[in-house]
Each structure stands twice: as C-alpha cells, then as structure tokens.
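Novice: This is what each chain is made of:
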Amino acid sequence: GAVVSQHPSWVICKSGTSVKIECRSLDFQATTMFWYRQFPKQSLMLMATSNEGSKATYEQGVEKDKFLINHASLTLSTLTVTSAHPEDSSFYICSAPRGTSVTDTQYFGPGTRLTVL
Amino acid sequence: GENVEQHPSTLSVQEGDSAVIKCTYSDSASNYFPWYKQELGKRPQLIIDIRSNVGEKKDQRIAVTLNKTAKHFSLHITETQPEDSAVYFCAASGSQGAQKLVFGQGTRLTINP
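First to last, the protein sequences are chains A and B. All residue numbers for the first sequence refer to our numbering, where the first residue is 1 and numbers rise by one. All residue numbers for the second sequence refer to our numbering, where the first residue is 1 and numbers rise by one.
Careful, some of the hints might be misleading.
As the list claims (entries may be wrong) - Below, computed lysine-lysine pairings styled on PhoX-like, alpha-carbon distance capped at 20 Å:
no. : chain 1 : residue 1 : chain 2 : residue 2
1   : B       : 42        : A       : 41
2   : A       : 55        : A       : 20
3   : B       : 58        : B       : 22
4   : B       : 58        : A       : 41
5   : A       : 41        : B       : 37
By construction, these hints were calculated from the structure, which means they are not laboratory data. All of these numbers come straight from a predicted model, not from anything done at the bench.
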C-alpha cells in the first residue's frame with residue numbers, strides 16, 4: 001500500500017517556540033494533504049487542507065496564523081506550530097489521498113506527538 | 001457541514017462473537033465511507049470502505065453495510081479475535097465534492113479471551 005511518513009515522530013519544546021512537522025508521500029504524488037490533531041482518547045479533528053501550490057484551507061476555529069501550512073511540492077507538506085503553548089500539546093497526523101477523486105483511499109502518516117512545556 | 005455520529009463509544013465482546021459498530025451521517029451528498037482501525041499511539045489503518053453506489057461490502061471477517069436513505073452505515077466483525085481490540089473510527093467524505101474526511105467519535109473495542 002501507499003506510504004506516508006511524518007517527521008519527527010515526537011518533539012518536546014518550550015512554550016513560545018515554533019515547531020515544524022513534515023508530512024511526505026513516499027511512493028505517490030499528492031496535490032492535497034490533510035492535517036488532523038487528536039487529543040488522548042478522542043477522535044481525529046481536521047485542522048486544514050493543504051493544497052500544493054496554493055494556500056491551505058483551514059477549518060472553522062483553527063487559527064491560520066498559528067498553524068502555518070506549506071505544500072511546496074507534490075510529496076511534501078509542512079505544518080508549523082508557531083509560538084507553541086501547553087494547550088497545543090497533541091498528536092498531529094497528516095493524511096494524503098492517492099488520487100484526486102473523492103473516493104480515493106486516504107493514507108495516514110504515523111503521527112507526531114508534540115509536548116509543549 | 002457534514003456531521004458523523006458513532007455508537008457505541010465502547011464495546012466489549014467475547015472472543016469468537018460478533019461486533020457491530022454503527023454510524024450516521026448528516027449530508028446526503030457524502031459518497032465515501034471508510035472505516036479505520038487505530039491502535040494506541042499508531043496511525044489509523046484503513047480496514048474497509050464503501051462507496052455510495054454499493055449497499056454492502058465484505059472482506060473476510062469484516063463487512064460494511066450502507067443505507068443511503070437512512071444515512072447510516074455499519075461495521076460488522078465476525079469471529080472476533082484478541083487482535084481485533086483497538087479503536088475503530090468511521091468517516092465520511094464527498095460533501096461538497098471535497099476529499100476531506102469527517103470522523104465519528106470512535107469506538108473502543110475490547111475482545112475478551
């Protein structure tokens with residue numbers, strides 16, 4: 001099956017610093033990728049849609065200036081959590097559909113666990 | 001926008017018995033319904049999916065049914081095994097022609113030996 005990777009797998013940072021998370025599709029190109037966050041024992045909550053070559057689309061309630069998304073190539077999307085605070089601590093997961101059809105399977109990255117001290 | 005409700009939140013069954021998890025969705029335009037299995041600290045893994053032009057799909061011990069009229073779909077696992085223990089999420093996409101997935105709240109399934 002298709003492979004999506006994320007880096008880093010976990011990160012600990014101090015409050016006020018910025019953290020960048022990378023999401024890569026390893027064996028296919030993805031014009032669209034998605035970023036989710038997941039709190040312990042909760043569901044995946046879509047944060048934004050990352051669009052290659054254009055601006056990301058953010059879900060209601062997600063601060064675009066705090067969660068910067070860049071989709072610079074067909075295989076890489078990055079999420080930067082700016083001025084991180086303890087409440088930003090969460091499990092961040094990306095996904096990429098293999099194709100542009102609504103019914104194309106989405107493959108998830110392994111996730112990045114962010115802890116903000 | 002789309003809203004997906006999933007029940008039950010927890011489910012405990014004896015090994016060998018069947019497990020059923022149900023989801024409802026709100027947007028009749030949604031046309032793709034995947035089910036994911038997530039183990040603790042791991043990525044969600046697709047276990048089965050169904051498209052709106054199909055009423056039922058089966059893959060060995062796993063089956064999914066879709067009722068478009070009622071806007072609900074269900075996951076059925078037969079002959080459950082301990083390794084089936086995990087959190088299962090349903091999702092829906094296709095609303096407004098978008099690929100983004102809207103997830104249900106999840107079901108923690110425990111298989112008792």
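Novice: Are the hints correct? Go through all of them and say.
Specialist: Right, here's what the structure says about each hint:
1. B:42 <-> A:41: Given that 20 Å is the threshold and the Cα spacing comes to 13 Å, the pair holds.
2. A:55 <-> A:20: holds, 17 Å
3. B:58 <-> B:22: Holds, at about 16 Å.
4. B:58 <-> A:41: Not satisfied, since the Cα-Cα distance of roughly 28 Å exceeds 20 Å.
5. A:41 <-> B:37: holds, 14 Å
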